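Visitor: Here's the letter readout for the chains.
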Amino acid sequence: MAYTLPLAAALTKARWKVKIRDKETREPPHVTIIRGTDAWRIDLRKKEFMDDSPDPSLVLGVLIDQIMAQKTWQQLCDAWDRMYPRNPLADLEDQD
Amino acid sequence: MTFKENQLTPSMILLVRRSKRVGAFTGLHPKVVTSLSDLQSSLAQASKDSMWVSYASELTDALVKNAASVPRKLGTGLFIHSLDIKSIPALSSLFRRIAFTVDGGFIREEELAEVLESDNRDNLFIGGFVNRTNRTITFWRGNLDSLTVAFSAFEKSGDETRPNFDDFSVIDSGQTVKLGSYEAAVDAILYEYDPDFRREVSKKRLQEERTFGAALRRLRKQRGLRREDFAPDVAAKTVARIEQGQVKRIQKATLAALAKHLAVEPEEIAGW
Numbered sequence: 001m002a003y004t005l006p007l008a009a010a011l012t013k014a015r016w017k018v019k020i021r022d023k024e025t026r027e028p029p030h031v032t033i034i035r036g037t038d039a040w041r042i043d044l045r046k047k048e049f050m051d052d053s054p055d056p057s058l059v060l061g062v063l064i065d066q067i068m069a070q071k072t073w074q075q076l077c078d079a080w081d082r083m084y085p086r087n088p089l090a091d092l093e094d095q096d
Numbered sequence: 001m002t003f004k005e006n007q008l009t010p011s012m013i014l015l016v017r018r019s020k021r022v023g024a025f026t027g028l029h030p031k032v033v034t035s036l037s038d039l040q041s042s043l044a045q046a047s048k049d050s051m052w053v054s055y056a057s058e059l060t061d062a063l064v065k066n067a068a069s070v071p072r073k074l075g076t077g078l079f080i081h082s083l084d085i086k087s088i089p090a091l092s093s094l095f096r097r098i099a100f101t102v103d104g105g106f107i108r109e110e111e112l113a114e115v116l117e118s119d120n121r122d123n124l125f126i127g128g129f130v131n132r133t134n135r136t137i138t139f140w141r142g143n144l145d146s147l148t149v150a151f152s153a154f155e156k157s158g159d160e161t162r163p164n165f166d167d168f169s170v171i172d173s174g175q176t177v178k179l180g181s182y183e184a185a186v187d188a189i190l191y192e193y194d195p196d197f198r199r200e201v202s203k204k205r206l207q208e209e210r211t212f213g214a215a216l217r218r219l220r221k222q223r224g225l226r227r228e229d230f231a232p233d234v235a236a237k238t239v240a241r242i243e244q245g246q247v248k249r250i251q252k253a254t255l256a257a258l259a260k261h262l263a264v265e266p267e268e269i270a271g272w
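So the protein sequences, as listed, match chains V and D. Just so we're aligned, residue 1 is where the first sequence starts under the numbering used here, counting upward by one. Just so we're aligned, residue 1 is where the second sequence starts under the numbering used here, counting upward by one.
Hints may contain errors.
As the list claims (entries may be wrong) - A few chain V residues facing chain D, derived, Cβ under 8 Å:
1. 16
2. 17
3. 21
4. 22
5. 23
6. 27
7. 34
8. 39
9. 83
Claimed, not checked - Here are the simulated BS3-like cross-link-like pairs (lysine-lysine), alpha carbons at most 27 Å apart as the crow flies:
10. V:17 <-> D:73
11. V:47 <-> V:71
12. D:178 <-> V:13
Just so you know, the hints here were simulated from the structure itself, not pulled from any lab data. These numbers were taken from a predicted model, which means no experiment stands behind them. Here a beta-carbon is modelled for each residue, glycine too, at the ideal position from N, C-alpha and C.
With the sequences and hints as input, model every part of the structure.
Guide: Here is the structure:
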């Protein structure tokens, strides 16, 4: 089941969503911020935006702070690992 | 992820019974048609780049009757009402491209307007329909192109969530396909099933990620395969060495075996 991060009412009203869906481009593991027709992906391994467009600075600071907060971040990482057990965040393949 | 190509939004002609629907499309400055006389004047003024959007079946029928004498194509047509299958050939001959509903599977009008206005509309879905007989879903993109994908594209999630094809919708302003409680990212569907989209993504990747090894790894991950899954055709260690760029020349047989397991042609791997 898609993971949707619960957000404050003001953010939801402003149409912000944060999701990990059941079918995503799997590499690298990521979470998607959605607002209208725009989407921003954050790499769950590197903790940084994956794309230059749309401009990451358009994402509200308060939303980024919430995503990056330790507890929330862990929830997102756990959700990814649960949904994509064959491509977990702690993938050690590169070391073999 | 967006690809902006500075495309102009086409002029819109909106066929509606009630002007209540018009509000959502205000940003597209549509010419609103609610009567036969409006329709005739719009036909006279329409260009080959116009986009016709119809919520009114009787106005669509009138359009077919009245446009038969127009000696040019009418641009694109989007029909958001139940359509008699027999009118599809007539509409196809009138328009350069059409999209239509079979069972009401379009996004809500506010989101539809938003997608049609977007520079990135080619890579967003506005609706589609499920064909249980063929076990496929046909999606309509914001430029009214279609993309048909097999049910098998929607494999169960790691937490065992399975798609429910009886409960299909497009949400998140064209960015997500919802099948019951299962959701699929539209960019993931396009990445797998539209080679042009994949090429655009590849172009934007950093140089160091564009090696054959990196492409092989991405495709393997997308297929949910482990390196061990290529055995006995290719040893896991060999797969690892290729992915890490340690193999200068990959043997033809190895490449063919990799492609077979990944369900692509050998020459397609580098494009992932």
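Visitor: Under the constraints set out in the numbered hints, which ones does this structure not fulfil?
Guide: Checked against the structure, the hints that fail are numbers 1, 10, while the rest are satisfied.
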